[in-house]
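J.: Here's the letter readout for the chains.
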Amino acid sequence: MAPPALDSLPAPLRSLRLKTKQQELLLRVSALALIYVLAFAVRLFSVLRYESMIHEFDPYFNYRTTLFLTENGFSEFWNWFDSESWYPLGRVVGGTLFPGLMVTAALLHRLLRALSLAVHIREVCVLTAPFFAANTTLVAYAFGREIWDSGAGLVAAALIAIVPGYISRSVAGSYDNEGVAIFALLLTFYLFVRAVNTGSLAWALASAFGYFYMVSAWGGYVFIINLIPLYVLVLLVTGRYSQRLYVAYNCMYVLGMLLAMQIRFVGFQHVQSGEHMAAMGVFFLLQVFFFLDWVQYLLNDARLFKSFLRITLTCVITVGALALGIGTASGYISPWTGRFYSLLDPTYAKDHIPIIASVSEHQPTAWSSFMFDFHILLFLFPAGLYFCFKRLSDATIFIVMYGLTSMYFAGVMVRLILVAAPAVCLISAIAASATIKNLTTLIRTKSRSPQTTSGKTTGSKAAAKGAVDQSLPFQHNAAIALLLGAFYLLSRYAIHCTWVTSEAYSSPSIVLAARGHNGGRVIFDDYREAYYWLRQNTPPDAKIMSWWDYGYQITAMGNRTVIVDNNTWNNTHIATVGRAMSSYEDEAYEIMQSLDVNYVLVVFGGVTGYSSDDINKFLWMVRIGGGVFPVIKEPDYLVNGEYRIDKGAAPKMLNCLMYKLCYYRFGELTTEYGKPPGYDRVRGVEIGNKDIKLEYLEEAFTTSNWIVRIYKVKPPKNRS
Amino acid sequence: MLPLSLRTLATRTLLLLVIASAVSCSSLPPEDGIRVVSAEKRIDLTGPIVKVFLTLKVENTPTASEASRVLLAFTPTEVQHLSIVKATRAEGKRKKKAFVPLSIEASELATTAPDAPRLYSVLLSTPLKPGDATTLEVLYMLTHSLEPFPAEISQSESQLVYYRDSAVLLSPYYVLEQVTYIKMPSNRIESFTRVDPTTRAGSEVKYGTYNNQMPNSYLPILVHYENNRPFAVVEELVRKVEISHWGNIQITEQYKLKHGGARHKGVFSRLEYQSRPSVSGASSFKNLLVRLPPRVHSVYYRDEIGNISSSHLRTDSHKSELEIEPRYPLFGGWHCTFTIGYGLPLQDFVFESVDGRRYINLTFGCPLLDTVVDDLTVKVVLPEGSKNPQPVVPFVTEKHLETSYSYLDVVGRTTVVLKKKNVVGEHNVPFQVYYEFNPIFMLAEPLMLISAVLLFFVAFIAYLHMDLSIRKSS
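Sequence order for the protein chains is P and F.
First residue of the first sequence? That's 1 in this note's numbering, and the numbers climb one at a time after it.
First residue of the second sequence? That's 1001 in this note's numbering, and the numbers climb one at a time after it.
Source of the hints: derived by calculation from the structure; they are not laboratory data.
Among the hints, erroneous ones may be present.
[What the hints assert, rightly or not] Under the rule of at most 25 Å between Cα atoms (straight-line distance), these lysine to any residue pairs were calculated in the SDA-like manner:
1) P:K693 to F:S1154
2) P:K712 to F:S1154
3) F:K1240 to P:N518
Let's have the full structure, built from the sequences with the hints guiding it.
T.: Here you go:
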């Protein structure tokens, strides 16, 4: 492969020349290393542009718990009862979270400390997601090599390093379960496929541990425990049953289940919940299959075996159905949860669980966001499926099933694009790699003498070779043109991904940035202003009432007790807050007194034009409140089905607590030149009630851009 | 209550309140024949810190022996709040007049009774001969001596404070002639105690002239006036100075700031605050000025929850000024904690002394202007491998050593910890820490890293050349 000119070099230098195999290894390792660095570095936009900080909502809870873990140790963490949230109920944090992320970060922190690197736990938390994203590229490489070849592996690693669908959840500071869970998910799948391919107990064991890590990290493990049985079932049906599969699945399932039971939040769900029953069913099915196989071998008589098969199958199905029926009827096996239903039926949440439907990331995905998050992978994906079907094996069947099911889920919920991203990357990588390989082979064979082609063959070149033999006209040029096209597309992909990462996915959402009229960057740091004010200037035992979105941030940054937070485990409690927000002030006061509320926090964007504020979320509060307390009726807040806040708004709307708190004294403020005072810049109207008097609350703090407003609940009046 | 009753009492002689009768003249050392010929006390009440300038003309009686010291008296409350006392003596005549700084020490005399005046002795550089006279200039500062009244104000009110002192000079000596001036920031003076002769001119009140005061005379006065200057109090400040001989000094300062004035009560209205900045929240403050050394670099300003984006740095060749805004304006009683960090070039602050030791020369106090620091801790973290640290501070501080660990430390760094309470801007004077350091230690950490990388490669090479499989592949 080396150019012949090198042969004329003096002997000592020639001995330094690498052999082809070594050259290939060097190239592969350095490409992987570069991809590894790229995957890490591309996620640092937010750190460079803002600072090393935690983003969004849930990561603040994770950060707070990690801090607790590093300060108090694992046993304290495991038994932690948090009285700072869900007042007055509290929350058993140790038993209601997936500890994988926190433990990982704490271990990384301890490791770095042991290497005498004096890093703060916050830096570790901020960089956990990019670090695991970088590790995911390595897994993707190995996975790609397992299902196709090492070229596809490299392409898969490169694609997954920058795919926006994954970056959206793994930028620096996005310290969330998904950050490590995607790594664990892909690792489990890889190890399982490897176990199926080799039939080795060791790989199956490794995959059980991968599954354990996944269970400890994210609730999305349910996907694994349903996909793998489904895959096994498909293999059984298509007649691809083998001893390897038997070993891999049994070992992975039994050990994975036992390990998963160690996680308190999951507990005995593997044997008790409806979502996990498929895996168990497949496990028993596999035993029956094995048993029948054995009987068939013993009997060695087709007719006898057929009747035996009939009897056994009837028995097994009856027993299985009976067990399932009794289990469900007696309540031993819990039915499917609402979240699971809402995945299978996208309209379910909207009708039954408004609290799930109210979250923007649980909305069905729009086409544009598929394009935004996958770009050319969306076109490469079907091509990759084609290649997979052309070379069907146990491994490609797995990736096809993973790709198709996760694509469906991605269509149901925006956030599940994340789960589909690795599969899409792997399948697309197969398409890209196979195409480019074919094209380059074409060009190479053409440029050389026809005799040499027969010597170089790899597995996937049957088609290419056929084409060469026919030697179509302009084939060489067409191949070059196609290759250039492919490179153009891939470079567009890289540009698109960088642009998306930089523009869309790297803002921390806690700090808002806008362009000023002179082109400079204006920063709205109102959230932290308010939270820090709470932290420093309110009594340490003050209880803050706000909509649940801000709960985690208030406890983490404000260090104060909240009534509800983003762990939406108690719908009634949230509905109570929703009811308070949508009642008149005096009714709300009674509710707040009963909850010991000292401060009320609302988010208001009318001055700055920040649109995700509480007035825009208000209808969800009404719906969630009304779902539990029928006193609250949605039509009371609407005028002819229309949501208005101006003069034509419903009287109940104009006088409810949320409206009053958001617009208190707003009527005196001129927000935009040429507009009347009290002009709401989000809704684009002049507000309907400018003369707001507060009787039971008083303004305690408003941030510099009015985004966060905090009110103090006055103590009850003396009885006269 | 006090000013009214005082006003009713007419004669000055009746007002002579000789406090601490236990301190009679007999407790003074017998050789003391000093008396104050004339005294002028100027009290500056314009800021949150009370500054008092005393000009004393003292004279030794011809019959007495040589006097080597002059005593100053303070009430016990004043001593609690006393931050700094400085004295200079005018030497030479007319044009050649020079002020020589004198050292001051707390005198052990007359501290028997709990309310007796505490004495400080000014040590004269050349003893005062019998019959001679000299002029002493004394400056002392009192912190936390302005009591807000009313103690709670709303956003629209301005802040009024009480100041308590004596119209006559508290002194262990006989005072022949004395006058007191009190300077206030504005014309708004609610009330002041009249001890005739008392005159007011604009924002200044003059007490005196009083003649022939007995030792230890004390005439309580009370001034109630408007003071809207920011009462910024740093309750705790930890300054950490890390020296790296690779060329950088990293300073990290952790502040616990409080508005020490009248507490804010009731509503905080952002609308009022934004639209009427002059009337609304007059006593609040929203920015602070930090004076840093020149050539400062990598300045940051953050708190527990992240970076604070509102700060401006101005640098020139003489100084750097950092203007910082806390996340929210500080009203009375509001707290705020933050951290400022910056780097300085090593060659500006670390030098080699003649005996081969190195020393760092830094400013001691708090770089925030016009603030009181209740509790200051300065930690000088010397590079790993430094020996025999020896701090040299021009005033009394609590000192001890500890060990701290940073990146790639094995044995830890020797850290000199200096603690001082009640620190004001006048304490911003240079101090030194001498230590012995062998430059070879600078190479320890790079060598560690290099060997770690080398080991990694060696391990990798070894792994590639070893066959660890049990079954030999054919």
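J.: Are the Cα positions of K1240 of chain F and N518 of chain P separated by 25 Å at most?
T.: violated, 39 Å
J.: Would you check the hint for K712 of chain P and S1154 of chain F, treating anything up to 25 Å between C-alpha atoms as holding?
T.: holds, 15 Å
J.: Below or equal to 25 Å on CA atoms is what counts here, so check K693 of chain P against S1154 of chain F.
T.: holds, 19 Å
When held up to the earlier numbered hints, the structure conflicts with hint 3 and nothing else.
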